[in-house]
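With the hints as your guide, set chain B with the ligands onto chain A.
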Amino acid sequence: MTSTATAAPPKQRRQRTISIGGAILIVIYTMLPIVWILSLSLKSPGDLTNKKFLPSHWTLGNYRTVFKTSLFTDALRNSIGISLIATVIGVVVATFAAYAIARLDFPGKRAILSLALAIAIFPQVALLGSLFSMWRAVKLYDTWPGLIIPYVSFTLPLSIWVLSAFFREIPWEMEQAAQVDGATAWQAFTKAIVPLAAPGVFTTAIIAFFAAWQDFAFAITLTSTNRARTVPAALAFFTGASQFQQPTTAIAAGAIVVTVPIIILVLVFQRRIVAGLTAGAVKG
Amino acid sequence: MAPITMNHVTKVYGDGYPAVNDVSLDIADGEFMILVGPSGCGKSTLLRMIVGLEDISSGDMLIGGERVNEKAPRDRNLSMVFQNYALYPHLTVYENIAFPLRLKGVSDEEIKRRVEEAATTLELTEHLQRKPSQLSGGQRQRVAMGRAIVRQASAFLFDEPLSNLDAKLRGQMRTEILRLQRRLDTTTVYVTHDQTEAMTLGDRVAVMRKGVLQQVASPRELYEQPLNLFVAGFIGSPPMNFLPAAIENNQVKLPFLSYPLPREVAAQIGSSDLLIAGIRPEHFADSSLVDENKRDRGITFEVKVDVTEWLGSQQYAYVPFEAPDEITRHLAELQQELDSEHMRTQMIVSLDPASRIRDGAKSELWLDPSRVHLFDPRTGKNLTREMTIAAQAAAAPAPAAPAPAAPAPAAPAPAAAAPAGAGSASTSAAGASATGGPAEPPAAPDGSVRAT
Ligand SMILES: Nc1ncnc2c1ncn2[C@@H]1O[C@H](COP(=O)(O)OP(=O)(O)O)[C@@H](O)[C@H]1O
Ligand SMILES: [Mg+2]
Numbered sequence: 001m002t003s004t005a006t007a008a009p010p011k012q013r014r015q016r017t018i019s020i021g022g023a024i025l026i027v028i029y030t031m032l033p034i035v036w037i038l039s040l041s042l043k044s045p046g047d048l049t050n051k052k053f054l055p056s057h058w059t060l061g062n063y064r065t066v067f068k069t070s071l072f073t074d075a076l077r078n079s080i081g082i083s084l085i086a087t088v089i090g091v092v093v094a095t096f097a098a099y100a101i102a103r104l105d106f107p108g109k110r111a112i113l114s115l116a117l118a119i120a121i122f123p124q125v126a127l128l129g130s131l132f133s134m135w136r137a138v139k140l141y142d143t144w145p146g147l148i149i150p151y152v153s154f155t156l157p158l159s160i161w162v163l164s165a166f167f168r169e170i171p172w173e174m175e176q177a178a179q180v181d182g183a184t185a186w187q188a189f190t191k192a193i194v195p196l197a198a199p200g201v202f203t204t205a206i207i208a209f210f211a212a213w214q215d216f217a218f219a220i221t222l223t224s225t226n227r228a229r230t231v232p233a234a235l236a237f238f239t240g241a242s243q244f245q246q247p248t249t250a251i252a253a254g255a256i257v258v259t260v261p262i263i264i265l266v267l268v269f270q271r272r273i274v275a276g277l278t279a280g281a282v283k284g
Numbered sequence: 001m002a003p004i005t006m007n008h009v010t011k012v013y014g015d016g017y018p019a020v021n022d023v024s025l026d027i028a029d030g031e032f033m034i035l036v037g038p039s040g041c042g043k044s045t046l047l048r049m050i051v052g053l054e055d056i057s058s059g060d061m062l063i064g065g066e067r068v069n070e071k072a073p074r075d076r077n078l079s080m081v082f083q084n085y086a087l088y089p090h091l092t093v094y095e096n097i098a099f100p101l102r103l104k105g106v107s108d109e110e111i112k113r114r115v116e117e118a119a120t121t122l123e124l125t126e127h128l129q130r131k132p133s134q135l136s137g138g139q140r141q142r143v144a145m146g147r148a149i150v151r152q153a154s155a156f157l158f159d160e161p162l163s164n165l166d167a168k169l170r171g172q173m174r175t176e177i178l179r180l181q182r183r184l185d186t187t188t189v190y191v192t193h194d195q196t197e198a199m200t201l202g203d204r205v206a207v208m209r210k211g212v213l214q215q216v217a218s219p220r221e222l223y224e225q226p227l228n229l230f231v232a233g234f235i236g237s238p239p240m241n242f243l244p245a246a247i248e249n250n251q252v253k254l255p256f257l258s259y260p261l262p263r264e265v266a267a268q269i270g271s272s273d274l275l276i277a278g279i280r281p282e283h284f285a286d287s288s289l290v291d292e293n294k295r296d297r298g299i300t301f302e303v304k305v306d307v308t309e310w311l312g313s314q315q316y317a318y319v320p321f322e323a324p325d326e327i328t329r330h331l332a333e334l335q336q337e338l339d340s341e342h343m344r345t346q347m348i349v350s351l352d353p354a355s356r357i358r359d360g361a362k363s364e365l366w367l368d369p370s371r372v373h374l375f376d377p378r379t380g381k382n383l384t385r386e387m388t389i390a391a392q393a394a395a396a397p398a399p400a401a402p403a404p405a406a407p408a409p410a411a412p413a414p415a416a417a418a419p420a421g422a423g424s425a426s427t428s429a430a431g432a433s434a435t436g437g438p439a440e441p442p443a444a445p446d447g448s449v450r451a452t
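As you go down the protein sequences, you meet chains A and B in turn.
All residue numbers for the first sequence refer to our numbering, where the first residue is 1 and numbers rise by one.
All residue numbers for the second sequence refer to our numbering, where the first residue is 1 and numbers rise by one.
One chain only, chain A, in its complex shape:
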């Protein structure tokens, strides 16, 4: 008895040390590339080969360069516009679809869910060639809708899965109570269900936004000019301030510019998601 009781704390301490050490390793492993890019973006183009991790001279010149380049600013506009529109359409459609799947019993429900899963795991690269030819034929090549359509179709299945799981968690009674209280089916949905599903909707929206924001394959294949080219694709065409310099530092600055909003977005929504989840208890 006594021996095990006294032996336990050192063992626990060792376990704690191991897990903290592991956590630090993981953080270093994942953060290193990001910090490196950040450091690159603050080096002057000539300083690229200084063989040091940190810049010799800290400069914001790269940021000025990228914001002066229309290739980048147009791409940024395209990225924001296309991702937002794809997200809104996808989330609205997914909300209705998921609600129907969670609440209604209709023939073919399982088939729809399986199909959605099949689409979600479908290798998207396999579609690029045929989409390229098709979009050129129907004049969607190098347009916003030309990118929005594939983004919506490929994020929809996952959104439906996530949201229907959320809807299933919301007790049926919530809605029935609203109906008894005098709500129409639409009012019950909007006033009782949607507010409760808000955390789920935010989660889904973030996932959908990410997918569109960071896509490279579709963006590079289905665009050819600044009309619809998004940032990930545009960075590949980057030449820097002049033809004669390595564009690496400018690309790094561009990468930081498109990463920061995502980080902020996640931090903001994460708080909402956690708050929404913990406030939602129905009974205790």
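Treat the hints with caution; some may be incorrect.
What the hints assert, rightly or not - Counterexamples of contact, computed for chain A against chain B with all Cβ distances above 12 Å:
1) Q15
2) D74
3) F122
Stated by the list, open to error - These stretches of chain B come out as covered by chain A in the derived footprint (C-beta under 8 Å, 3 or more residues):
4) 60-74
5) 98-109
Since the hints were derived computationally from the structure, they do not count as laboratory data.
Just so you know, even glycine gets a beta-carbon here, dropped at the ideal spot from N, CA and C.
Relative to chain A, chain B with the ligands alone:
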């Protein structure tokens, strides 16, 4: 404020199972009607058919004399308290209660006035700005009630509203609900599987079993004149004892005693020679404590008491007995259906706490055979019911009947005597129509008797 009438209402779910089977029930304006039965018997389904959340497969549902089968829930003007309260977690208590009024487009001032009035009634005033997740179970329950009473609904529907509360709070809220119903005088249908709630709250109680209405009567009538074995076993705590009753030479032979077969029963049983006798625990007595002048009416017999439990105000003795296989099988089925926690191969005897009967001792008990119910084991029908009614009518104002149901502390005993006749008119054969209830609830209309 409206009466609710059901005519041969049936609900068949997709799998073909009739969850509610040909139920006919009249609920008078302002009446407090209880739907009671073991879990899964279709109470909730019936309630949800009244409120419109469940389609009616066949039959008519009338509210205030108007057929509502095809009406959406929001057009029926009923309010309902759900088992898990179904409060809106994203709204404050104030907004939860105001929700039905907001949907109706009531003005802000009127909403404020009515929500505050409801909050005062339910002692929720300090909590109006809090969220449901910050409230205790009892407070949430009151918010759900506030949402129900804030608008002038035609009727209140409750689906096991107290089942998520602990025992003490349940007793308090039970009294609270009763007081509220008496004050608002609104037709109320209350679903429960708890017979204490059923006995203490209802003007009338409808007992259901597997979707079929068994008996609709005042709590007292259910207790004293159960229509069948199921109702007899369901109502009462500790439950009625069921003993094998062999019929030999016009004698009823129970495990410990025998007595002459009543003529009315003899006429009904034909050639069958095995019945089930139902005896309430409190109808036994320690023979040494029975009044001299009462003694002759009953039979004294000797038993071996296995265990006694002394509770201060009450004493229970357990007496094991042997039963033939056939009866044991019937009783085991019944017991399973009732979710009963008591083993029925022993008899429970309720004794005066002053009794000196002790464990393991041979003891003399006393029983008045006219209190014994005899049931047909095949149909479950109570063969002695007519006799009991006649005997009680003869003994009219005798206040002898013991308090039914569990000895719960805060439980107001259903003291209001059911007017003779009212109850008997309201019931008919088991499983068949139970319509034609009295126009008025049989309880004292001022409510003061029961709500204290
Ligand atoms: N949606 C449904 N589909 C099929 N059967 C159901 C459904 N809801 C309830 N039932 C069945 O109907 C019966 C009665 O259920 P319910 O009314 O909830 O019982 P209670 O409220 O008395 O416990 C049960 O046997 C249950 O399994
Ligand atoms: Mg139920």
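Hint numbers the structure violates, sorted upward?
none
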